[in-house]
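Peer 1: Single-letter residue listing:
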Amino acid sequence: MDLDALAGCLSSSACLVTQTTSGLIIGMLLFLVAVGLTLIFGVLKVVNFSHGAFYMFGAYFAMTAYQLTGSFALAMLAGAAGTAALGLIFERVFMSRVYGADVLMQLLVCYAFVLIFDDVVRIIWGPEFKSMGMPAAFQVMPLFIAGGVVPPYYLLLIGVALVAAVVLGAGLSRTRIGKVIRAAAHNPGMVSALGINTGLIYGGVFALGGMLAGLAGALAAPVRSLTPGMGFSVLIESFIVTVIGGMGSILGALIGALLLGLIRSYGSLGFPLFTEGLMYLFMVIVLVSKPTGLFGKEAA
Amino acid sequence: MTELEAGGAGTLAPVRSGAAPGRYRDILIALIAFAVLASLPLFTGSKALLDFVIRCSAYGLFATSLNLLVGYTGLTSFGHGMFFGLGAYSFGLIMQKLGVPIPVAFVATLAITAVIAAVIGAICVRLKEIYFAFVTLAFQMLIHSTILSWASFTGGDQGLRGGIPRPSFLGINLANHVHLYIASCALLILGLLAMRQIAQSPFGFTLRMIRDNAARASFLGIDVWRAKLTVFVLAALFASMGGMVMALFVSGAYPEFAYWTISGEGIFINMLGGVSTFLGPMVGTVLLLLLNDTVTRFTEYHGIVLGIVILFFALGLRKGLLDFVAEWFSQRRDAGKGH
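Taken in order, these protein sequences are the chains called A and B. Using numbering that gives the first Met the number 0, the first residue of the first sequence is number 0, and each one after it goes up by one. Using numbering that gives the first Met the number 0, the first residue of the second sequence is number 0, and each one after it goes up by one.
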């Protein structure tokens, strides 16, 4: 424990800005992964245990596209589109077979793919740590806000995640497709009876969830190192986010992710060895006091 | 076993009247199994085979205890591995720091596990399915983080090193490989027999009723929360026993023993062997360890092979191996009756 460091940071505006931005980017990346997880759970009622793999593939796709084309925008696109396609195939070919089955069966299928995907990455890109490097466009002077250092890339990252949150929230509540998706989450049999292809909706939602995780991976690629198995800690953390925020709630995922990001960045100052423990402790406290999460509804 | 279950499937009464002979039969089977396992060192000097059986004992105790929760009570715990780790660490620490005789450390570890399991269980068992799974997972990770960060006491990410002292007691010297092997087999058989008694007792049938319809059980005057908590603590005790066997075997304890992957493996073992029969998890344990050992020998990419095998079970068979075999036999028997 190092409470002096934490207190020292809290009294300095420079440190506050730095720690808060680093907490925000951790939180925003987590949000993108977690919102896909919560969306898939909300509509398909499946806990996608292999969601971390999409984050990993997003990062690797982006790195390869960046190395081939040198364009940052294309790298982001490759990360998002590649994982969307992967999500669609994964859902249609494998997950759709276990919808009626036991939760354990669904988890096992996902667990199998966690193992397979990690090895696939190891075969294609090798087992060693990789790095994509910061694109030239962002290699500029960092901004100084109240004495704290904020790299411009962090602002882009936070901006993209916020846009994604708004588009997703508005899309689900305002558009026709959003209505159909919410209806399918509520009563798939009725939606199907109305002549809407629910299989297509399920595949689409899974692809969307995969795409968001892939986008998070692509955005993280310049600032994180890439390694097979990198999806795993992200997966566990985004589980914590969805459980804290409430399964199926987008707002919950946003709040939960930001809380967790801030706990991580400030916790690493005050409790360097117990940072992870703090997150789990927070989850236990939330769940014991409100088992459905902060924004979750009572299970029907 | 299947006969007993098939006979009892129609009404409850025959099961109760058949319980006593069933118990004698179970004890007989246990004695035979122990005799076979214990005589193994007489026929083979293969250390690898004995090691394999010791690892099967540790994992088998753990996986079968998980089945008490998953298969019998319908409590899908994602954090059962915490008790495996807890057993290994408490036992190792007690032996290293206090230097008491092994049986004392064994009983003390069980007592510690019972207290911690009662506290965690009291919080968890009132939660519903997926939330129960996640909170148990969170507790597991909390214990794992504690082990990692409390380095001065637990050795942190290095694990408990320096070996666990294994003083002789009652003429049993666990530093001797054959003695350790026979002790592990004895613990496995005794543990399985005890769990079998729990599963076949009226309490065991109460658990099945809670699994099938908790509301009805509650209307019949059963305190569901209390029954769930009781089985949670009981299962934790057997998992802790498995952890102790593991700690004795590797003469140490490592943070991986408390990591969530142990729980994941436990669930996988259960699915592999089958949750509808008592010995399913034991079959799953042997299968998984065999699979792990052979696959790692042939390829470095064992994730792919293991993943494909899991897919085969999950999408192809759609049930565990022993479930599949039991169903196949009962179908054949029914077909035979038809003619």
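To be clear, the hints were calculated from the coordinates, so they are not data collected in a lab. Glycine is no exception: its CB is placed at the ideal position from the N, C-alpha and C atoms. It cannot be assumed that every hint is accurate.
[To be verified] To spell it out: a stretch of chain B is covered by chain A in this simulated footprint if at least three of its residues, at any positions, have a beta carbon under 8 angstroms from a beta carbon of chain A; those stretches are: (1) 216 to 230; (2) 259 to 268.
[Claimed, not checked] Between beta-carbon pairs, the in silico distance windows are: (3) Glu299(B) to Gly132(A): 23 to 33 angstroms; (4) Ile144(A) to Gly162(B): 38 to 48 angstroms; (5) Ala37(B) to Gly198(A): 53 to 63 angstroms; (6) Gly198(A) to Leu316(B): 20 to 30 angstroms; (7) Ser329(B) to Thr174(A): 23 to 33 angstroms; (8) Lys96(B) to Gly170(A): 38 to 48 angstroms.
Peer 1: It remains to establish, for every hint, whether it holds in the given structure.
Peer 2: Hints versus structure:
Three residues within the 8 angstroms Cβ limit are the bar, and the stretch 216 to 230 of chain B against chain A gives 0, so the coverage statement is violated. Given a C-beta distance limit of less than 8 angstroms, the hint that chain A covers the stretch 259 to 268 of chain B holds, as 4 residues qualify and 3 suffice. Between Glu299(B) and Gly132(A), the C-beta spacing of about 28 angstroms keeps the proposed range 23 to 33 angstroms intact. The given range of 38 to 48 angstroms is broken by Ile144(A) and Gly162(B), whose C-beta atoms sit roughly 54 angstroms from each other.
Distance hint for Ala37(B) and Gly198(A): a CB-CB separation of about 56 angstroms, consistent with the stated range 53 to 63 angstroms. Gly198(A) and Leu316(B) have their C-beta atoms about 25 angstroms apart, which keeps the hinted 20 to 30 angstroms range intact. For Ser329(B) and Thr174(A), the hinted distance range of 23 to 33 angstroms is not satisfied, since their beta carbons lie about 52 angstroms from each other. The beta-carbon spacing between Lys96(B) and Gly170(A), approximately 59 angstroms, falls outside the hinted interval of 38 to 48 angstroms.
Going through the hint list in order, the structure does not satisfy hints 1, 4, 7 and 8.
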